[in-house]
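As they're listed, the protein sequences go chains F and G.
Counting from 1 along the first sequence, just add 250 to a position and that's the residue number in the working numbering.
Quick note on numbering: the working numbering labels position 86 of the second sequence as 77, and the sequence is numbered without any gaps.
Among the clues, some could well be false.
Chain G regions said to be covered by chain F (calculated; three or more residues, Cβ under 8 Å) [what the hints assert, rightly or not]:
{"no.": "1", "region": "33 to 43"}
{"no.": "2", "region": "61 to 74"}
{"no.": "3", "region": "78 to 87"}
Short, incomplete list of chain F residues facing chain G, as computed with Cβ under 10 Å [unchecked claim]:
{"no.": "4", "residue": "Phe339"}
{"no.": "5", "residue": "Ala341"}
{"no.": "6", "residue": "Asp348"}
{"no.": "7", "residue": "Met349"}
{"no.": "8", "residue": "Gly352"}
Hint data in this document are derived by calculation from the structure and do not stem from the laboratory.
Think of the CB as a built atom: it goes at the ideal place given N, C-alpha and C, for glycine as much as any other residue.
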Amino acid sequence: GESVGLHLPTLSVQEGDNSIINCAYSNSASDYFIWYKQESGKGPQFIIDIRSNMDKRQGQRVTVLLNKTVKHLSLQIAATQPGDSAVYFCAERVSNNDMRFGAGTRLTVKP
Amino acid sequence: DTEVTQTPKHLVMGMTNKKSLKCEQHMGHRAMYWYKQKAKKPPELMFVYSYEKLSINESVPSRFSPECPNSSLLNLHLHALQPEDSALYLCASSQDTGGGREAFFGQGTRLTVV
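Using the sequences and the hints given, assemble the complete structure.
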C-alpha cells in the first residue's frame, strides 16, 4: 500500500549548524502532515504540523516545507543543539483518524 | 493538562498470562489510538477509537483486545501473547475533527513477553 518514507536513516551535525530531515510520502489523499521527535524511552513528541493547502510553516527554530508536486516533506532545525538529538518521524494523516508514520531519522548533534 | 498517562510503564508477562494496559487523557479528545513500536522502527497503528467506538482495526491478532470504557480511558487487554509481541505500546489521543488534529502520545508501556 501507499506509505511514508524517509531518505536518510541517520544524520550527524555539528552543534550550531542547521539540520534538514527529509521525508517522501506517496499517499495523495493525505491532507495533513506532522513531525514528531522521539527521545530514548519516551513517546513521540509533537514538533510542528502542516496542512496540504500550505507549502511552508514556521515554528520556534523549526520550519516544515511541503512540496506536493514531488510528494516531499522536510523539517529544518535552525542552530541545532545537543538537546535536539533524537529520532524524528514524519507522519501523514490519510483520513480523520488514520495517522501513519514514516521510517524515522536519527539526528545526532556533535558538541 | 496536555498529558496522556499510560500504566504500567513496564510489564513482563508469560505467554499464558492475561494483563491489561491502561491509558488516560483529560483533554476532551474523542479519538484515541494504540500503536505498537519495535526497536528502531516507527510506531505501527493498531487500533483507533472515535467517540468510544472502534473505527480502525489494523488486522491485529485477537490476542490483543482493545476497550474504550469512556471518553477518557482506553485499555488494551492482552492474552496468550507471543515473545514477538514484546515492544513499546503507545497510546495517543487527538481531537476527532476540526483544527489542531495532532496526536498527543503517552510515554508508552514497555512490554516483555517471556
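Output the indices of the hints that this structure fails to meet, ascending. The structure breaks only hint 2.
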